[in-house]
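Engineer: Go by the hints and put chain B onto chain A.
First to last, the protein sequences are chains A and B.
Numbering of the first sequence is given in numbering that gives the first Met the number 0, commencing with residue 0 and proceeding in unit increments.
Numbering of the second sequence is given in numbering that gives the first Met the number 0, commencing with residue 0 and proceeding in unit increments.
Quick caveat, the hints were computed from the structure, so don't treat them as lab data.
Just so it is clear, CB atoms sit at the ideal spot from N, CA and C, and this is done for glycine as well.
Accuracy of the hints is not assured; some may be wrong.
[To be verified] Derived CB-CB ranges, DEER-like:
hint, chain 1, residue 1, chain 2, residue 2, range
1, B, 23, A, 245, 54 to 60 Å
2, B, 319, A, 175, 52 to 58 Å
3, A, 110, B, 331, 31 to 37 Å
[Unchecked claim] From the structure, some residues in chain B lie toward chain A, with a derived Cβ separation under 8 Å:
hint, residue
4, 47
5, 112
6, 115
7, 159
Number of protein chains: 2
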Amino acid sequence: MYKLCTHICDRFMHSLPQLLELIHSFSGKSTFPPHPRELYEPCDYILTLGGKRLRPALLLMGYELFRDDVEQALPAAWAVELFHNFTLMHDDIMDAAPLRRGQPTVHTRWSTTTGILSGDVMLIYAYRFLAKIGEPEIVLNLIQTFNRVATEVCEGQQLDLNFETRADVSIPEYIRMIELKTAVLLGGALQMGAICAGASQADAEHLYHFGRLAGIAFQIQDDLLDTYGDPAKFGKQVGGDILQNKKTLLVLKTLEVAPEAERLRLAQWMKTGIENSDEKVAAVRAIFDRNGIPNLIATEQQRFQNEAFNHIGAVNLPEERKAVLRKTVEELLKREY
Amino acid sequence: MYKLCTHICDRFMHSLPQLLELIHSFSGKSTFPPHPRELYEPCDYILTLGGKRLRPALLLMGYELFRDDVEQALPAAWAVELFHNFTLMHDDIMDAAPLRRGQPTVHTRWSTTTGILSGDVMLIYAYRFLAKIGEPEIVLNLIQTFNRVATEVCEGQQLDLNFETRADVSIPEYIRMIELKTAVLLGGALQMGAICAGASQADAEHLYHFGRLAGIAFQIQDDLLDTYGDPAKFGKQVGGDILQNKKTLLVLKTLEVAPEAERLRLAQWMKTGIENSDEKVAAVRAIFDRNGIPNLIATEQQRFQNEAFNHIGAVNLPEERKAVLRKTVEELLKREY
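If we strip away everything but chain A, and leave its shape as in the complex, we get (with noise of 0.2 Å):
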């Protein structure tokens, strides 16, 4: 099935697509045992909702860039979807959210108990997988990896809820807190990829700030994307951060760069109920634009997406081998606005 061959330029590489087909029916084999049901059915459940897999094929993407038999790392990237799904179903007892892919997650479809310990079942299960990888050497450096990530994913989390009631949230205080909630576990699924395959050091670290830098890039563009977006192609409702008076990345840059006036505009409708929710995002959106906020934004994403791609270019491979990764990471980055 995996053509192997000694000429590196010519090595057979999977696609997104067989990468995911790959991770699908990984998955199908069943993750968790039948009993006690009531604890690991919430677990099967917030795995059927979907979602796109990405950090488990980036996991995959990072091995392949080095070793041909991609399916040794399946365990370790299960792992990494395991994590994520554990703090999807804990963060969203946090936030209180009703709905996760429009249907009811965990803790309002069962409870808040079941949400907690089903959560922190799955989070052991991802150490299951990663002690599946079998080679000590590389288990130990694997969960040290993810040990660290996880820590900073739960830092994330910490600084977001501080967030919300706080006044005076820098930019570089916003960037450091999406990055820890969610660019560095981008960033890690490729550094553990790279590490199952047995990359040197340095090629694992230059992908690990690929990702997170790329993942910060992409949370940036997300910001812009919910008040700039295409209604048509945006996935949520334009203009939803704005309704929500969210202190997103083009709010704490008009705190920082726009004359009093305008600061007081904006601080006025962010304190707004949502009468008319047209016109509070037409008049929001016209204090960002007056501003040249969006611009300043874009630049600011740009700079971090650079960034990332030297860190690919870093890598000690031949350009070809990295094709897939990077067309992958430029698709994602692509979304216009």
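Structural biologist: Positioned in the frame of chain A, the structure of chain B alone reads:
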């Protein structure tokens, strides 16, 4: 500080208080970073509420059976204590418990969100401390054992939650629940100590079963003491289980062996409020007494205890080497009722 010598029988063994002192001074070196304070302060808080530190002490005893440099095992011992405190933090939310060791629980003092997220990061820190053991083969073995035990503890908590709403819990099901929820971690701590010391798999497994079976015996005794303990010696209110209508082993045994009239009488009392708590405790205790329940339970407890000590006997070491561990567990099981 540590006396090392080649003649096994002369080797220096730490007493329980000495081991507790080692754990205390290790835990004094800060486990968590200072930031984000909102995340880590509750972790420090629950650890300062005290507790017997029984699990890390067992791990060190398991280690010291085989090796003298017990301080090498301190990170693994601390990992087990962190895991235990993670379960307490999350269980307190699930049980809506306002107090732990006389102090406000984390979710009461802060919030449910804090209890969830700080608990999560404590679990991750348990794995961080396991990874500090360093030797890859041993870390892999430790993590596999820890993963199994941690999964079982979650399963035990789920069974306990299920039992609250079930009227048909059998005695084997109840024993299985206390085994998973409490006993496997005691056994797991001993086994992990043996693994750290590079003991044979057979010895490590005998120690696991010793701890597991002694843990079951201890929990059975806890049920007995709650109703029959000496009020001067028992830490909690004697009769507390009766007043809370808990389905303890005493209740389950009565429902198994007593004639129908007695079973109905017990069921009636378990539906009764506690206008007169002394009367209720006395009446339920009289049902237990008339049906010889305390003796039946004590026999069951003794059976597990005997089985436990068979396993410590089977560990391939001179008896004097096992003296501290034996004595510690004997003392634990010598509480009077």
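Engineer: Confirm or reject each hint.
Structural biologist: Cross-check of the supplied hints:
no. : hint                      : result
1   : B:23 - A:245: 54 to 60 Å  : violated (46 Å)
2   : B:319 - A:175: 52 to 58 Å : holds (57 Å)
3   : A:110 - B:331: 31 to 37 Å : holds (35 Å)
4   : 47                        : violated (20 Å)
5   : 112                       : holds (4 Å)
6   : 115                       : holds (5 Å)
7   : 159                       : violated (10 Å)
Checked against the numbered hints listed earlier, the structure breaks hints 1, 4 and 7; every other hint is satisfied.
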